[in-house]
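**Student:** Given the sequences, and given the hints that come with them, work out the whole structure.
Protein chains in written order, with the working numbering: chain R, 1444 to 1757; chain V, 51 to 307.
Please note that a few of the clues may not be correct.
Listed below are several chain V residues computed to face chain R (Cβ distance under 8 angstroms; list not exhaustive) [said to hold, decoys possible]:
#1 N56
#2 R58
#3 I63
#4 F66
#5 T140
#6 G141
#7 T142
#8 L147
#9 S148
#10 P150
#11 A153
#12 M298
#13 G302
#14 Y303
#15 K306
#16 Q307
Listed below are the simulated DSSO-like cross-link pairs for lysine-lysine, each with C-alpha atoms no more than 30 angstroms apart in a straight line [unchecked claim]:
#17 V/K216 with R/K1661
#18 V/K138 with V/K306
#19 R/K1473 with V/K306
Please keep in mind that the hints were generated in silico from the structure rather than gathered at the bench.
Note that the structure is a prediction, hence the values are computed from the model and not measured.
Ideal placement from N, C-alpha and C gives every residue a C-beta, glycine not left out.
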Amino acid sequence: MPPILSISRLTKRYASGLAALDGVDLEIDKGEIFALLGPNGAGKTTLINIVCGIVTRTSGEVTLDGQDIERGFRMARTKIGLVPQELTTDAFETVIATVTFSRGLFGRPPAPAIIEKILRDLSLWEKRNDKIMTLSGGMKRRVMIAKALAHEPEVLFLDEPTAGVDVALRRDMWNLVRGLRERGVTIILTTHYIEEAQEMADRIGIISKGKLLLAEDKATLMKKLGKRALTLSLQEPMSELPEALSAWPLTIKSGGYELEYTYDANDGQAGVPALLRRVAELGIGFRDLATRQSSLEDIFVNLVSASTESEART
Amino acid sequence: MSQGFNHRGVWAIYRFEMARFLRTLVQSVVTPVITTSLYFVVFGAAIGSRMSEVGGVSYGAFIVPGLMMLSLFTGSISNASFGIYFPKFTGTIYELLSAPISAVELVLGYVGAAATKSILVATIILVTAFCFVPVRIEHPVWMLGFLLLTALTFSLFGFVVGIWAKSFEQLQLIPMLVVTPLTFLGGAFYSIDMLPAAWRTVALFNPVVYLVSGFRWSFYGAADVDVGVSLGITLGLLIGLLVVVSWMFKTGYRLKQ
Ligand SMILES: Nc1ncnc2c1ncn2[C@@H]1O[C@H](COP(=O)(O)OP(=O)(O)OP(=O)(O)O)[C@@H](O)[C@H]1O
Ligand SMILES: [Mg+2]
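**Tutor:** This is the structure in structure tokens:
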């Protein structure tokens, strides 16, 4: 099956001269949840805004369901829904009026039953006749989601949907996203909460300084880049590493009370037993020992800092 | 959705814009009634008593087309400029830009609503005038034609101003600095025949002169300039603005980065 969204060699240079996107290639399959991770200013919003028609591309190809997003803008945009990063609403409108407006704007015939379902799913039905300015921030975000869903899009972009949102709403949002996926809706979201990507996404892309560093299946990514860490809690604080342990990449933590050893999870545990033997031989006492799988967060931080360093060198 | 034309999108914008007008209906209707009445009281009584007739028409009746034009100019511009500036200001423009709606459809929705509103207000002024002075309309079809063309032209102008403006001050600037002076200098309340010859020549560079003259001709059959020229200038302005708008959309001027 051809990808629903296909982006190739996409670049964006703003009028200021800043290259916000620098040759991005990305394909999104129908029905998947794709999470785009990246530090502030990486180009996430720029990427989404180009696909949605809010920002013009400088060069590159973007097709949605086989249609170029500019030449075939009607077909393409009818299928796209967008919840932007900023909270922007028509303060003086009622909830139901603004959601009904969105459906009409996207060229769909009136469907009060569909609007009602969307508002109920987002717990907005009770507030349908309230003016938007009287709603709380979290409720306003729900209204923006309702607007994006009003025309029943096939591809939904959520630009940091859970920024500034409480735990309950975040959980609601995750449920909503899962429900949409079950109906075959493709979802592309950006987030700063790595646990969110880990929890929700099928595939994860990491972007930094306008370059897509990787786009990979979540499980593969975790396996490929996953590191394990062994932590020894020491009885006596250690100020510097003994020469005898220099064969292992160790770091001293917690003011000398912890020794951490990071190793590749795919390497088996070759180094660990040897390390522990050597530690015993040196008479270093430890109270406790723990290992953990590195999280997506570690992977993310490693990748982004590696790309920044390589840039600094060139 | 029909592939060719997003009529539902146009209708959604039109209704949205009209809803704002209808929410403040009392204000929208009462204001023109009061200001028009004031014009008749002040101009009609104070000036009209010294200058009873212009070209065989009582002074009070003579100024009615000018009053309507002044209201069409300012109303159309402020309705349309505010209509498109406000989403830019609040950020809700993202939805218009991401919708499957073409530039032409967007303009139809906003300009259509702005023109409808200003025509409604001009009609209220006309109805109020009938209560005070002996208005007659000799060429009703031409009158409607000028009414519609002028409302569309100035709504389109307002749309351009709204896209161009970067602040509320700029939004007010053009109507205050350009349109109102041109209207007062453009023979809305006098015939430019009453001006000294030199000023008359200067006045002919003011497009408002042609619009007011043509419109007044449709009421009383007398004009400062030929009615064909008036129509030509009106259409010329309209086409010029259409060119500007299409250029704005083609380049994404102040709408897209
Ligand atoms: N309109 C604009 N004009 C000039 N530069 C811009 C504009 N919009 C964004 N940028 C710049 O482009 C870069 C990418 O911005 P973008 O908003 O896409 O980042 P982001 O990944 O969404 O960041 P965040 O996580 O903070 O939302 C940034 O350096 C930003 O300053
Ligand atoms: Mg962003």
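**Student:** Using the nearest Cβ pair, does V/A153 come within less than 8 angstroms of chain R?
**Tutor:** Nearest chain R Cβ about 11 angstroms off; hint violated.
**Student:** Min Cβ distance, V/G302 to chain R: is it shorter than 8 angstroms?
**Tutor:** holds, 6 angstroms
**Student:** Interface hint check: V/M298, Cβ to nearest Cβ on chain R, cutoff 8 angstroms. Holds or violated?
**Tutor:** violated, 13 angstroms
**Student:** Checking hints one by one. Is V/T142 an interface residue toward chain R, by the C-beta closer than 8 angstroms rule?
**Tutor:** Because about 5 angstroms separates V/T142 from the closest Cβ in chain R, which is inside the 8 angstroms limit, the hint holds.
**Student:** Given the proposed pairing of R/K1473 with V/K306, does the C-alpha separation stay at or below 30 angstroms?
**Tutor:** holds, 28 angstroms
**Student:** Are the Cα positions of V/K216 and R/K1661 separated by 30 angstroms at most?
**Tutor:** violated, 44 angstroms
**Student:** Once the shortest beta carbon distance from V/G141 to chain R is found, is it less than 8 angstroms?
**Tutor:** holds, 3 angstroms
**Student:** Tell me if the interface restraint on V/N56 is satisfied: Cβ within less than 8 angstroms of some Cβ in chain R.
**Tutor:** holds, 4 angstroms
**Student:** Hey, V/K138 versus V/K306, does the alpha-carbon distance stay inside 30 angstroms?
**Tutor:** With a Cα-Cα distance of about 11 angstroms, the restraint between V/K138 and V/K306 holds, given a limit of 30 angstroms.
**Student:** For the hint on V/Y303, does the least C-beta distance to chain R fall short of 8 angstroms?
**Tutor:** violated, 11 angstroms
**Student:** Once the shortest beta carbon distance from V/S148 to chain R is found, is it less than 8 angstroms?
**Tutor:** holds, 4 angstroms
**Student:** Does V/R58 meet its interface restraint, that is, does its C-beta lie within less than 8 angstroms of any C-beta in chain R?
**Tutor:** holds, 5 angstroms
Comparing the model with each earlier hint shows violations of hints 11, 12, 14 and 17; every other hint is respected.
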